[in-house]
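Student: Following numbering that gives the first Met the number 0, the numbering of the sequence shown begins with 0 at its first residue and continues without gaps.
Treat the hints loosely; a few may be bogus.
Claimed, not checked - Ranges between beta-carbon positions, derived for each pair:
hint : residue 1 : residue 2 : range
1    : 39        : 97        : 19 to 25 Å
2    : 142       : 73        : 22 to 28 Å
3    : 78        : 100       : 37 to 43 Å
4    : 62        : 7         : 32 to 38 Å
In short, the hints are calculated from the structure, not lab data. Just so you know, even glycine gets a beta-carbon here, dropped at the ideal spot from N, CA and C.
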Amino acid sequence: MMVRPRPEVLVLDVNETLSDLEPMRDRFEQVGLPRYALDAWFAATLRDGFALTAAGAYPPFRDVAADALRSLLASDGPAGTAVAGAVGQILAGFAELPAHPDVSPGLHRIHAAGIRLITLTNGATAISDRMLDAADVLPLLEHRLSVDVPKKWKPHPTPTGTPPTCAMLTRRRWRWSPSTPRMSTVPVGPD
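With the sequences and hints as input, model every part of the structure.
Tutor: Below you can see the structure in the form of structure tokens.
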């Protein structure tokens with residue numbers, strides 16, 4: 000088995016990787032959608048954002064998420080739902096999401112090991128400020144990046160501006176320790 004060198008920089012996704020989306024299920028239920036609809040909606044939002052980036056367009060995360068919610072409400076929502084209000088109520092939940100319980104200890108450990116930390120979100124960085132501050136990790140982050148600047152959704156290579164040999168973009172269920180240089184369930188190179 001090939002051992003990967005320890006990276007100098009760790010670029011972390013925010014939504015779902017650092018933030019816990021589970022509280023959003025309550026908001027889905029409050030507007031008459033089933034709790035499980037969160038999964039299909041979030042996947043559709045990412046799919047559409049990725050596809051539009053691949054086609055050379057840039058839609059802000061909020062616009063893509065709102066469009067996916069409008070479609071979901073039209074097909075699965077209760078009759079008479081005030082769509083604009085329901086969309087606003089659900090999207091407002093992003094600003095209130097907590098971090099996963101392992102985020103603070105994990106990022107403190109990685110930072111203490113000398114690895115630089117950067118976040119990269121498909122949304123606005125300001126939306127996750129409260130969550131990262133509450134998790135006591137905001138001071139550990141060297142940069143907070145958003146795809147709003149290059150106007151290309153990740154996983155397009157442009158948003159990080161970091162050579163791929165120095166960074167790893169991770170998603171939920173990451174683990175790292177100095178003795179186990181595996182950081183992601185997503186393959187990052189040949190084994």
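Student: The structure should be examined with respect to each hint, and the outcome stated for every one.
Tutor: Verification of the hints:
Taking the beta carbon of each, residue 39 and residue 97 are about 22 Å apart, inside 19 to 25 Å as hinted. The beta-carbon spacing between residue 142 and residue 73, approximately 39 Å, falls outside the hinted interval of 22 to 28 Å. A beta carbon spacing of about 39 Å between residue 78 and residue 100 agrees with the range 37 to 43 Å that was offered as a hint. Checked against the hint of 32 to 38 Å, the pair residue 62 and residue 7 passes, with Cβ atoms roughly 35 Å apart.
Violation of the numbered hints given earlier is confined to hint 2; every other hint is satisfied by the structure.
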